[in-house]
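Novice: Here are the chains, one letter per residue:
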Amino acid sequence: MLYVQVLVNGLVLGGLYSCIAVGFSLVWGVLNVINILHGSLIILGSYAAFFAYQYLHIDPFLFVPAAAFLLFCLGYAIQLVFINRVMGSPVLITLTLTFGLNLLLYNLMILAFKADFRKVILSPPLGSANLGGIVVPIDRLIGMAFAIALVGLLYALLRGTRIGRAIVAVRMDREAAQLMGVNVGRIYAITFGLGAAMAGAAGSLFSVMFPISPETANALLGKAFVICILGGLGSVPGVMVGGLTLGTIESYSALFFGPEYSVTISFSLLILLLMFRPTGIMGRRGFQ
Amino acid sequence: MILRLADVSRRFGGLVAVNRVSFELKAGEVVGLIGPNGAGKTTLVNLVTGVHRPQAGEIRYGGERIDRLPPDQIARRGIARTFQVVQPFPHMTVLENVTGGALFAGGIKTIRQAKDEAMEHLKFTGLADFAARPASALTLANRKRLELAKSLATNPRLLLLDEVNAGLNAAEIDAALDLIRAIADRGITILLIEHVMKVVLTATTRLLVLHQGELIADGSPDNVTRDPRVIEAYLGPKYAARYAPAAP
Amino acid sequence: MTRLIVVATALVLVALPFMADNYVLRLATTMLMYSALALGWNFIGGFAGYPSFATAAFFGLGAYAGGVLQTRGVPMPAAWLLAGAIVALFAAALGRAILHLRGHYFAIATLVAAEVLREVTNSATDLTGGGMGLNLPVLSADVTTQARLFYFAMLVVAAAALATTALVAESRLGFGLRCIQQNEDAAIMLGINTRRYKVVAFTLSAVFPGVCGGIYASWVNYIDPTDVYDVLLSVKPIVMVLLGGAGTVLGGVYGAFLFLLMEELVWRNLLQFHAGLLGIIVVCLVLFLPHGLRGIGLPSLLSRWRQRTREATP
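Residue numbers (this note's numbering), protein chains in the order written: chain A, 19 to 306; chain C, 39 to 286; chain U, 6 to 319.
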């Protein structure tokens, strides 16, 4: 029974993790840029939700679209002003740039919000649900539902809308897309904005379940890495698989080794994957 | 016997690129390899040079099995190739590009000596005047010569030329032909992949024909160009009528 | 002319500890350490063109290796050299495991290596003191002598790094690495054993930061995982080399000097936000000077100025 509880914990967590990683995967797959800012953007979304709840009494779950919108605008601007100038540059340059931007954002957040942890405490609290002996906190359950819905929404957007198809086209072949009349520069900005929007949404959900502080930004970025490599880069279903897998692995490793080793284990897993199977579980490289 | 392929096969996913190909090259021969696009010619070269591993069959070079060796070791044993799409070191000078060939697979120990060797190869291929220019500044024809010079610098016994004449005009092709003859005169075995029939017919003493991964002909240019299978697969009846030697 | 400059610089460097106060000496020691880190990174990042973020891993491992050895009674210089050897072995093993990766995948693997090492160090409390840090035995010498000692130690490492860079640049290894950087597939076809060359470059990029780490631990007497495995230790050398010119011999040194200057100015004036300002510096550098100072034509400006003054004198 304990193992089932641990599994459920892992899957619920994994749903949220997928939402955390999907924006990162999108930006990497389409722009070929590793967005070191991603973790900080999630935390920014969390803070936005936190302050909205504290001062405007908006429920963090309902704040998700607002967080997504705010972060979309920020992401769009960041891409246009900074990242656009290094598109096509070697990995070293783009990575160092996003690193520098992250350093800036991270320290601005520490300056503005201080490093101590905040948590959204819903009142009245939502409590836990008991599903046949398995205990699941309701806030996490709702969070997972929202997360999966958001990932599904992104998937539908990429498959069904013109913009989505354009994004996929740019990922597959930038020059061919240009020849088809796609404004690649605008697509890059929109994609980065979308990635940031997903981060903001994830952050909003995150704020209910976990304490927030700028210091968690790096850990979140690390998880996004692992999920992308686990699930294979560039596919939304892959991110889902990666997220659920990571959540489950972390849950079980917390049981067997204690929660303090979860980061070590997930990073060791990452190194092993990179050494032997960089294409991940799904083994695909295209974008869908 | 410098190169021998026995029943070599290779597939990529569902596509069989090379299907049970067997042939031999004798030292000093100049052999042509022709066939339609997608027949597997470049794949064959990749198999010999170690870029891909055959999934069946053996490749022997001077008696030694090489089909399991990594490409750099094969290069050091004296097999060189040119690329269809030229692959220079773009930010290095022409001289440095060729020096690379001499310094590593060519077996020369010091950079100074390698540079001197490289200069000789540049003179041989007519690029001596461009020695100090960046490789990226050359015209297509000269880049092809650079490819050739690099390969020669590695001191090969077997040279695989992959469409060295693609994109060249008639005058450039004639110059290339002279170069190929000069190389053959040095005793280097050459396998020439070509679409330009004039080159193949004048420079080679034997022709191999590849079609959909299979070797469908292996013989003198006269015989091969009259082979009905080759005509159907590649040459076409009009060509055969025009170029086939008169019936005895 | 160049020989004169070299000799003059060497004399200044050797005489400095006996002429300057402790503050300047500390700065100079840091500058030498930064040079060694930058020169080290240059082997894998500049010559071979592989974006390594592993410098922090090597530095931290060196610091802990040296530190732990010293707490067990190993004399300082031996501890430093052993730290270097341990880091070199680690780098060779890691290199064989991840150097088949390229671009982003390789960069991530190196980033993660530092994180894993940090976590492992954190957990191995019995050996390393874990999150509470490691205290090193204090030397029984006065402050000035100590300052001079560590200055000379870093000077030796930096000089060794510089000498190795110069040697490699003119050697077969250096030529091969440059070929790998420009077109790895073509390099393989020319007979270059790319795997071996990359592992050698990676190991070279580790040994100097490793020894620096060991010296650093003895210098500051107290280390903890967050400090010595800080990812900034991977990013700063990259920024320094970008500033001074990647793949050149002295680029790392120029960059280290300029970077330290900027850092001191920022630190002195804006303690609170200095990491954020570092971020701004990095962003500006990448956007406006991607080829470092060579990009704005500093060397050619200099040579043109020299030519003009030469022409002016009758």
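By construction, these hints were calculated from the structure, which means they are not laboratory data.
Just so you know, not all the hints are guaranteed correct.
Claimed, not checked - Some, not all, of what chain U presents toward chain A, calculated at C-beta under 8 Å:
id, residue
1, L106
2, V117
3, D232
Unchecked claim - Residues of chain C placed beyond 12 Å of chain U at every Cβ, according to the derived structure:
id, residue
4, P74
5, G88
6, A113
7, A118
8, V124
9, F142
10, A143
11, I149
12, A152
13, D154
14, M157
15, M235
Owing to the predicted nature of the structure, the values given are computational and were not obtained by experimental measurement.
Beta carbons: idealized from backbone N, C-alpha and C, even for Gly.
Novice: With reference to the structure, classify each hint as holding or not holding.
Specialist: Going through the hints against the structure:
1. L106: L106 of chain U check passes; min Cβ-Cβ to chain A is 6 Å, inside 8 Å.
2. V117: With a closest approach of 5 Å, the V117 of chain U hint holds.
3. D232: 15 Å, violated
4. P74: 26 Å, holds
5. G88: 9 Å, violated
6. A113: 4 Å, violated
7. A118: 8 Å, violated
8. V124: 9 Å, violated
9. F142: Non-interface label fails for F142 of chain C: nearest chain U Cβ at 4 Å, not farther than 12 Å.
10. A143: 3 Å, violated
11. I149: Not fine: 6 Å to the nearest Cβ puts I149 of chain C too close to chain U.
12. A152: Its Cβ does come within 12 Å of chain U, the nearest being 8 Å, so this is violated.
13. D154: 15 Å, holds
14. M157: 16 Å, holds
15. M235: Answer for M235 of chain C: holds, closest chain U Cβ roughly 28 Å.
When held up to the earlier numbered hints, the structure conflicts with 3, 5, 6, 7, 8, 9, 10, 11, 12 and fits the remainder.
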